[in-house]
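Participant: Make a model of the complete structure from these sequences and hints.
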Amino acid sequence: MSFDGLSKTFASRRRNAGFYLHPVALLITLLAIAAMVKLGFWQIDRGQEKQAIVDYHATSSAQQTQSLTLEHIRQQSLQTDDQIEITGSFQDGAYFLVDNQTYNGRVGYHVVALLENEALAPYLVPVNLGWVPLGGPRDTLPEVELPQGTRTVSGRIQLPAERPFLLAEQEFSAQLPQRVQYLELDSIRAQTQLPLASFSILLNENIDFGFRRDWPVVVMEPHRHYAYAAQWFGLAIAALVIFLIANKRLARRPPQPLQQQHTSEDSGKNNKNGSGEHKP
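Residues in the sequence shown are numbered consecutively from 1, following full-length UniProt numbering.
One or more hints might be untrue.
Unchecked claim - Restraint-style ranges between C-beta atoms, simulated for each label pair:
| id | residue 1 | residue 2 | range |
| --- | --- | --- | --- |
| 1 | Y103 | L240 | 41 to 51 Å |
| 2 | L27 | P216 | 23 to 33 Å |
| 3 | T192 | A25 | 55 to 65 Å |
Just so you know, the hints here were simulated from the structure itself, not pulled from any lab data.
Using N, Cα and C, we set each Cβ at its ideal position, and we do this for glycine too.
Facilitator: Take a look at the structure:
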């Protein structure tokens, strides 16, 4: 028996067994299910990471506020969400405008001003004062009035992300104010020689100066990630069920006997040969 005949015999036996598996369809289905399961577990991991951030924030919020010292800056001992307090004055016109920030559906900037304190010299502490609207064309920076005089700043520490998502590599200048995609403090310090601390302070929402502020602990709550994970797992199960049902229906089709298949093929060949002129 030829290879073609063995393949047809094997397919017929699978059909007679009540189930039919198409190799290509099986491979595609398995790859799709594997991808969806992987995405589900990835969402679970993200949810656990966000939950850890939320728990740490709750713990830090319950701790006593620390006074910022020069040792904190030199040793880089502060962590994200640590409660901090510092008294100083903002340098006039010395601020960054962090682009693409939204507030109640409106697009604008976060204003990060530089606070100086004699006890922390020569370091300048970036303080996020909150959100301001665009205020005009994008090629024109909005005019921002910083708080005047000596101010007591209290808020929580924010450390820059190690690998922020950026549309393009940023270039900074020492001329302020300036617009930035992201507050890359290490890069700003290296390119401008500004003596910036390695963190910024998110000004507390109950402070009576600054701009509009709403600091979410995480952008997406942990339960949202778990819900997405459940959806991916559900899609994987649905893909498997649909595949099994489709192959079950294929198996229910009455198979054509092998002898009849060969007869039909031979008849087709004869008809093809007979379509031309007959020789005497």
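Participant: Go ahead and decide if the range 55 to 65 Å is satisfied by the Cβ distance of T192 to A25.
Facilitator: Given range 55 to 65 Å: holds, Cβ gap about 59 Å.
Participant: For L27 and P216, compare the CB-CB distance with the range 23 to 33 Å and indicate the outcome.
Facilitator: 43 Å, violated
Participant: Is 41 to 51 Å right for how far apart the beta carbons of Y103 and L240 are?
Facilitator: Cβ of Y103 to Cβ of L240: about 44 Å, so the range 41 to 51 Å holds.
Hint violations for this structure: number 2 only, all remaining hints satisfied.
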